[in-house]
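Chains as they are written, first to last, in the numbering used here: chain A, 94 to 433; chain B, 76 to 537.
Just so you know, nobody snuck in bad clues.
Taking beta-carbon pairs under 7 Å as the criterion, some of the chain B residues facing chain A (in silico):
| no. | residue |
| --- | --- |
| 1 | Ala-138 |
| 2 | Ile-145 |
| 3 | Glu-148 |
| 4 | Ser-156 |
| 5 | Arg-160 |
| 6 | Gly-163 |
| 7 | Asp-164 |
| 8 | Ile-187 |
| 9 | Phe-190 |
| 10 | Glu-241 |
| 11 | Phe-245 |
| 12 | Pro-484 |
| 13 | Thr-485 |
Restraint-style ranges between C-beta atoms, simulated for each label pair:
| no. | chain 1 | residue 1 | chain 2 | residue 2 | range |
| --- | --- | --- | --- | --- | --- |
| 14 | B | Asp-193 | A | Asn-204 | 25 to 31 Å |
| 15 | A | Arg-205 | B | Glu-352 | 54 to 60 Å |
| 16 | A | Asn-204 | B | Arg-432 | 41 to 47 Å |
| 17 | A | Ser-377 | B | Glu-352 | 45 to 51 Å |
| 18 | B | Asn-119 | A | Val-401 | 42 to 48 Å |
| 19 | A | Leu-411 | B | Asp-193 | 24 to 30 Å |
| 20 | B | Lys-197 | A | Leu-404 | 32 to 38 Å |
| 21 | B | Ala-509 | A | Leu-404 | 40 to 46 Å |
| 22 | B | Arg-477 | A | Glu-97 | 31 to 37 Å |
| 23 | A | Leu-253 | B | Gly-394 | 41 to 47 Å |
| 24 | B | Gly-443 | A | Phe-406 | 47 to 53 Å |
Don't read these hints as lab results, they were simulated from the structure.
Here a beta-carbon is modelled for each residue, glycine too, at the ideal position from N, C-alpha and C.
If you want the building blocks of each chain, they are given just below.
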Amino acid sequence: MELETLQTIWFILIAVLFTGFFFLEGFDYGVGILLPFIAKEDRERRVVINTIGPFWDGNEVWLVTAGGAMFAAFPNWYATLFSGFYPALIVMLVALILRGVGFEFRSKSENRLWRRAWDWAIFAGSAVPALLWGVAMANIIRGVPIDRNMNYTGDFLDLLNPYALVCGITSLCIFTLHGAVFLTLKTLDDIRQNAMNAARKVWVPATLLSLTFVAYTYIETDLFSRLGINPGIVPVFSVLALASVVFLLRNNASGWAFAMTGIAIAFSTMTIFLGLFPRVMVSSLDPEWSLTITNSSSSEYTLGIMSVVALIFVPVVLLYQGWTYWIFRQRIGTGSDLEY
Amino acid sequence: MDVLSLARLQFAVTSVFHFFFVPLTLGLSIFVAIMETAYVRSGNERYKRLTRFWGNIFLVNFAVGVVTGIVMEFQFGLNWSEYARFVGDIFGVPLAIEALLAFFLESTFLGIWVFGWDKLPKKLHAATIWIVAIASNLSALWILVANSFMQHPVGYRLSESGARAEMTDFWALLLNPYVWTQFPHVVAGGITTAAFLIISISAFHVARGKEADREAFRKSLKYGAVYGFLGTVFVTMMGHTQMQGLLKHQPMKVAAAEALWETENPASFSLFTIGDEEKLEDLFSIRVPGLLSFLAFNSFEGEVRGIKDLQAEYEERFGPGDYIPPVAVSYWSFRLMVGAGTLMLVIASLSLFYILRDRYDFPGWAAGMMSWGFVLPYLANSSGWILAEMGRQPWIVFGLLRTEDAVSPTVAVSRGEVLFSLVTFVLIYLFLTAVDIFLIRKFALAGLQSPESTEEGGRDGA
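Next up, chain B with everything else stripped away, as it sits in the complex:
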């Protein structure tokens, strides 16, 4: 493998791993805050125990999210120094603001929350976890402002020498339409990720857990099901809006995600396609006529441009070259995301159906779906990012800088360093994931009166 591919693989590994942990942080922080608010308002100790229970799982996950995030902060310097030089004037700003505005808040107030149970008045203590929740999601906003510039550059001009892009309008960067479809989609994805874990663990305890815990986990399941239903509906809606935005900003990504070789009007939606990426044609395909136009324009008519036409257009705009992203990867990651999303809608609706009727004697198949459903958001989150980043190729900043021109010249001469660091990161991240799963599973199974819960929690739980 050449240095470019190794560097790309390293970025993919470190960012996808990081994003295993981020969505749960986003969604679970809000949920823990809701639980603690319920405790403060009702004075019911059950909610306090639930706050501690979900709080512990949150903390284990948060720690891994933080340390993998620090790696991301430096990735752009390590392997992508030409990228850093080209976009630093713009891209560095949201990253710096993220640290100053969000990450500081998140880390500092989490420290207060963890250690401040008996040092702060109840209401103030609950306020600290709300600050953590808001700051975590604010942090996602700034990171997505940065990412959106790569997807759809706005508010910039090229410097005279063309060596870098310079910011001309900070507000344009912030109000980039791409941000405002991507950010709600990611937040809703986080809520969904957390909700499915909550549904899964709560359903397990309701069905098979300790008698003493059942009542509390019923409450947890109720909240979780509502949270999950709202999250899934919202994530689907925002995904749909985002796709419609992409048709304007990055039509090639849509065409690749659909394996749409030719421009069509009305455009058909592919259910299953095996294509030939060399010849740009289908080998086998099942399609629903007109559905893609409907998804794109809310009408069964409308032109969706295909890969071949876009390639011709880009050659005219940017000069000769290959402007087609890896079609199979884009196509299948999109199918995986949407497929997982559809299943999540089913499971979320199912959970809502039961809790609205106050029924907790789920049949085996339903319990199975609710227990294992937590895997789906992880599939959707990862495949969603793979589509977002792979579908933009060959560009690192769409229309401005190609990925192959962004890699550090220093690593170009020392392939060993990239390989070494890649292997190191893979090993350490696998280890972290294993420990993370082990600990979350342990806490999840232990239920509310786990011996690790704090002395105070242990006392009032006894």
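So that you can see chain A by itself, here it is in the shape it has in the complex:
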């Protein structure tokens, strides 16, 4: 295959990995964020954690795979992004560390203080990345100071511009909503009711912020000019999907509501990658200095090898991850037989 074709394929694959990651880990983050608020009793909290217990670790591997794929397919993207967004990445890693061990350590002692502390670690470890992913995506599309040698020349505060912060708070709200809707699908009784109430409450800022973000994107980035005035079905559908959630919840259609928050997340991620293509990171200093799939990519041979590996194993992963959701498809409540 031609080098350009392979580069496009890998751009798409990485977009797919991030889309999958945000869709799956999105509700994990949401559940973590809601944990201290919608469940007060210890056993209720266990139920809330158990809704994602069998899945969250597998979901997080989507990120590790996306990171590995960037490294292998577009080494310059990997190098510029992670050396540039350095302090933000450190904060994110610390959050992911606390969250990951929190799920495991929480139940290992009966002590009340111990459990409370880990609950808040799970909360912070979920909220911080949910916010930072929005900040990161906004900066990637808006552009950051990148010099002619592909090195980031800004500092941490450059990343915290108003546009990126709006996107961060938006992603925080959308992931929280996604998690709340997920909980209405997976739980029973009181917890389900609490999740339903939480979803309705979060829906308001999530939708308003999304609209603000779309307008802000129009001003701050070249995304819409690149996609054309009619940006196509993808971003439009993303906003419509989000708007529909509250009506679906009102009719007790949790499954549809979850599909809609999922579509909102997936389609907005896709919009960002569509607007980015064929660039992978935008330089705010000079358009010539932007990283593209051409100047960031690995060799034809490497991309070819990677394509064969992905072609065989991505479907396998999807199959067995799908099987996990099938095994643990039942709703759980405080009366269920909980592991731990």
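Fit chain B to the supplied structure of chain A, relying on the hints for placement.
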């Protein structure tokens, strides 16, 4: 400290910490799978309780291994972006494959194993932990394929501008001879690490634990002793083979590990050396004549090249520069690894001796050695990696890229960021280690009927 040193220290801290947890995951996953298989085959509830007991310890350890592993995935971007740009075409591939082929399997099936006790048929449930065990060790394979390229680059060419190394032969990368000595050595190290913890905790319960638990822990000790003996013998053999491979691929590392300044034939083996790294000479040394040649070539004759000659050779090959790794660190980390390994062989043999005679009334000294032996694999694992990485210096990719040229230009201008992240990682990792030790100790001491064991485990344990 300059930025380069801080970045190196950060890599050392994050990788050594990560590798505190990895070997136990590698070895204990297999052991838990063996226990559950024994349960499924025999129907004996004792094995089920042992599966839950070791499974709990495995999970606590696994969690820390995973989160410290995520940090490693991004380390190459954070502080080593020039490295990432130079080798991404090659090095990124095994990392991506590791995530796709191994890490996905490991994480997904572990989730099924933990929560699926009453949702899956027994045999299928046992199969899930085998998948976790195989995937964990497969994960180590891909990481070591990546590391082996840094040690002994194969299957590549330099790009026209020389700005990066490009892969030309994926199979050469995979069949790199370095991989196939390093990988078995690491897997055997993992088995040994797990076995010594199993021996330690089981011996404690056999001697001083609750009466009701004793029979089960005798079984556990039996399995553990055999597992430990096989692991230690295998790790020693593979270590020996690896050292012989190093003589071909990285003779400088061997010379530094031996503090061998001059080329010798036959070469002597140093038992204890205090040297002067500036003048490249011994201040004091006790040596066994001919032993190094014997270890290297299985014969008391054979030339082992010394540091000075290799330095001269490398200057000719790579231009002027200092090609000598830190000798004292290499030398002592090698001594520590081999010393710990030798002691482990003694303890493993001792444990095997007792269990083969079905004797569980160990004398105090033997019980002491078996109980505290679990520290040794940790010393050996860490010092082994320190030797592997320090002995390669000044190179990050041997012969191709120097460590000093690999650091991110972005951190070169912001020393504060590196320092801040280093301190953050050290603090959080110390905290994690403390919690990990606290929890493992708690579970270990509680024995089989711990209140934290699951309701089901509690029921059939009552």
